[in-house]
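Number of protein chains: 2
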Amino acid sequence: MSSFLRTGKKIVAIGRNYADHAKELGNAVPKEPFFFLKPTSSYIEPEEGPVEIPRGVIMHHEVELGVVIGKNGRDIKTSDAESHIAGYTLAIDLTARNVQDAVKAKGLPWSTAKGFDTFCPVGPFIPKSRIADLSKVGLHFSVNGTVKQSGTTADMIFKVPDLIAFVSSIMKLEEGDVILTGTPAGVGPINAGESFTAKLTYPDLEGQVLSEYTM
Amino acid sequence: MSSFLRTGKKIVAIGRNYADHAKELGNAVPKEPFFFLKPTSSYIEPEEGPVEIPRGVIMHHEVELGVVIGKNGRDIKTSDAESHIAGYTLAIDLTARNVQDAVKAKGLPWSTAKGFDTFCPVGPFIPKSRIADLSKVGLHFSVNGTVKQSGTTADMIFKVPDLIAFVSSIMKLEEGDVILTGTPAGVGPINAGESFTAKLTYPDLEGQVLSEYTM
Ligand SMILES: [Mg+2]
Ligand SMILES: [Mg+2]
Ligand SMILES: [Mg+2]
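These protein sequence lines are chains E and Y, in that order.
Take the first sequence: its letters are residues 1 to 215, numbered as in the numbering used here.
Take the second sequence: its letters are residues 1 to 215, numbered as in the numbering used here.
Source of the hints: derived by calculation from the structure; they are not laboratory data.
Incorrect hints may appear among the rest.
Identical chains blur together in the list; that is why a pair holds if it fits in one copy or across any two.
Said to hold, decoys possible - In silico lysine-lysine, DSS-like type, Cα no more than 25 angstroms apart, as pairs:
{"no.": "1", "residue 1": "Lys106", "residue 2": "Lys159"}
{"no.": "2", "residue 1": "Lys104", "residue 2": "Lys199"}
{"no.": "3", "residue 1": "Lys31", "residue 2": "Lys104"}
{"no.": "4", "residue 1": "Lys71", "residue 2": "Lys9"}
{"no.": "5", "residue 1": "Lys136", "residue 2": "Lys9"}
{"no.": "6", "residue 1": "Lys136", "residue 2": "Lys71"}
{"no.": "7", "residue 1": "Lys104", "residue 2": "Lys23"}
{"no.": "8", "residue 1": "Lys104", "residue 2": "Lys71"}
Using the sequences and the hints, build the whole thing.
What follows is the structure in structure tokens.
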């Protein structure tokens, strides 16, 4: 499944899955998960070139743990969810925040705000065996060397098996699909000319770097 | 590109592209196109089995002309758009209208309302050469033998080349991607046990049947 970037068909991104992030944008903490789709055309790897900020867009970073699906499934049970995971990836759910605010106010889809080309930087595939405890992954993001996000998957409201069960009750999950599991607090803009670094660490905040994406 | 159902990665669906349909749902006629993504996991062909109505969902039909992309492109010019078209397909943009109404009111994504499994019935690939004039395609939908939708692509607000240019200015279009170009007036529910027929005709309303989907 290291080929998920080329073969995967969907990116299912969970919204507001960390209470502190939901609150920082003035949103209620959700009672059940919700998600949106990012197009796989928004994937970009470090060697492919820079992230592009579209004209007039205020682009926010959201560092997330991506779950790479390894086996097709519909209506997957929470107890079976683990067997559908091939591995993980570091992902940045880049968001045109001003576009998103405008469409939210009008009840319009989020697809443009979340789907611009280069809006889903991703690191390499991380085999499942590398993360023994899914509640102990650290998520970090810095801009120009200043730490902006530093969280842990321990704070996810809905856990990965529940997310797999929920999503697959609506749309089947296929080999190579990726679920972005939400972002901790600290989101904010990346401006033209600024550099950034995203990191996954394990175990948790004091652990070793599992994956790093710098630009 | 007859393999688009297996190889395509995205379905980009245009909203409110026929003025009479925008009005019937109480929406303003848009000044620029907007779109949402349906997952390709929602595709279903007639021989694959029935459309499934999820529990509690009021499922509406929207018959649409699908444009199948044959060549990758970013920032495609309107004048070049035609060269990126491989052909067409009859598509039904099934919509959980009650779910959509609820998320619109909350400013949430449309992905669930539009993305359930079996929510994108599609007919066979229609080579580009079969439709010489894109403004003369008839779109028809009947439920239990009663005609509900009967429109013509002549009434599209934004024409296909403009849609290709618009979408590809936000997200690149790839071989096998499909653009659903919007639905004419007459949308409404399909209830459990009801049969339906969707048709594309050419030229226009008095023409021959190009494609038909019955269930
Ligand atoms: Mg289901
Ligand atoms: Mg996110
Ligand atoms: Mg539609």
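Please sort lysine 106 with lysine 159 into within, between, both or neither, judging by C-alpha distance up to 25 angstroms. The answer is between: 24 angstroms across copies meets 25 angstroms, while 31 angstroms in one copy does not.
Could you place lysine 136 and lysine 9 in one of the four classes (within, between, both, neither) given a Cα distance threshold of 25 angstroms?
For lysine 136 and lysine 9, neither the intra-copy (28 angstroms) nor the inter-copy (33 angstroms) Cα distance is at most 25 angstroms.
**Request:** If the cutoff is 25 angstroms on CA atoms, where do lysine 104 and lysine 71 land: within, between, both or neither? Let me know, please.
**Result:** Result: close neither inside a copy nor across copies, 34 angstroms intra and 33 angstroms inter.
What label fits lysine 136 with lysine 71 when the C-alpha limit is 25 angstroms: within, between, both, or neither?
Result: close within a single copy only, 24 angstroms intra versus 43 angstroms inter.
One pair to classify: lysine 31 and lysine 104, alpha carbons no more than 25 angstroms apart. Within, between, both, or neither?
Classified as both; 19 angstroms inside a copy, 18 angstroms across copies.
- Using 25 angstroms as the alpha carbon limit, work out where lysine 71 and lysine 9 are close: within a copy, between copies, both or neither. Result: close both inside a copy and across copies, 13 angstroms intra and 18 angstroms inter.
Within, between, both or neither, where lysine 104 and lysine 23 count as close if Cα-Cα is 25 angstroms or less: both (16 angstroms within a copy, 21 angstroms between copies)
Intra- versus inter-subunit Cα pairing at 25 angstroms for lysine 104 with lysine 199
neither (30 angstroms within a copy, 34 angstroms between copies)
Hint compliance for this structure: hints 2, 5 and 8 are broken, all remaining hints hold.
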